[in-house]
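Colleague: So for the sequence shown, our numbering puts the first residue at 1; every next one is plus one.
It is possible that some hints are incorrect.
[To be verified] With a Cα cut of at most 27 Å, we get these calculated DSSO-like pairs of lysine-lysine:
id	residue 1	residue 2
1	100	32
2	67	16
3	21	100
4	16	69
[Stated by the list, open to error] For each label pair, taking beta carbons as the anchor points, the in silico distance ranges come out as:
id	residue 1	residue 2	range
5	88	52	29 to 39 Å
6	95	22	19 to 29 Å
7	86	115	18 to 28 Å
8	54	103	16 to 26 Å
Since the hints were derived computationally from the structure, they do not count as laboratory data. Every residue gets a Cβ at the ideal spot worked out from N, C-alpha and C, and that includes glycine.
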Amino acid sequence: MSNLNDLWRWRVGRQKTGYAKMLLLGARWPLKFDCYLLKFPQGCEVPPHRDAVTGGRHYRLNIVLRKAKSGGEFVCAAPIYQSARIKFFRPDICEHAVTKVELGNRYLLSIGWIRNA
1 MSNLNDLWRW RVGRQKTGYA KMLLLGARWP LKFDCYLLKF PQGCEVPPHR
51 DAVTGGRHYR LNIVLRKAKS GGEFVCAAPI YQSARIKFFR PDICEHAVTK
101 VELGNRYLLS IGWIRNA
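Using the sequences provided together with the hints, build the complete structure.
Modeller: Next comes the structure, spelled out in structure tokens:
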């Protein structure tokens, strides 16, 4: 989890490709987790990548709150579950990306946690 100064404030996304994230909630104990609101504005995209963690298994549940009018599609090599609005996957072992948002904005609620191995 980020520090408390990040709570409820828009910050530049880790990939530095134009998306923004707002930390809504998080903890380090007893289960390390975070909950973010993510905004993908027009022109933004996220290249294929994995999110490495040290120790444990990383899980992420993304709930699409608002789809972009065009583009902004989630791409994942092997999701655990995926539907039009729900994306459940292991970001530590599964390469994932977001295609370029061509028109409009995309918003999602992203909840992640790390389970001990």
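Colleague: Run every hint past the structure and note whether it holds.
Modeller: Hint by hint, here is what the structure shows:
Restraint check: the Cα-Cα separation between residue 100 and residue 32 comes to about 30 Å, which exceeds 27 Å; the hinted pair is violated. Between residue 67 and residue 16, the direct Cα distance comes to roughly 21 Å. Compliance with the 27 Å bound is thereby established for this hinted pair. Straight-line distance between C-alpha atoms of residue 21 and residue 100 comes to about 17 Å, which keeps the hinted pair within the 27 Å bound. Straight-line distance between C-alpha atoms of residue 16 and residue 69 comes to about 22 Å, which keeps the hinted pair within the 27 Å bound.
Checking the proposed 29 to 39 Å range against residue 88 and residue 52 shows it is violated: the Cβ atoms sit about 19 Å from each other. Our hint of 19 to 29 Å for residue 95 and residue 22 holds, since their Cβ atoms are close to 25 Å apart. In this structure the supplied range 18 to 28 Å holds for residue 86 paired with residue 115, their Cβ-Cβ distance being about 19 Å. Between residue 54 and residue 103 the C-beta distance comes to about 39 Å, which lies outside the given range of 16 to 26 Å.
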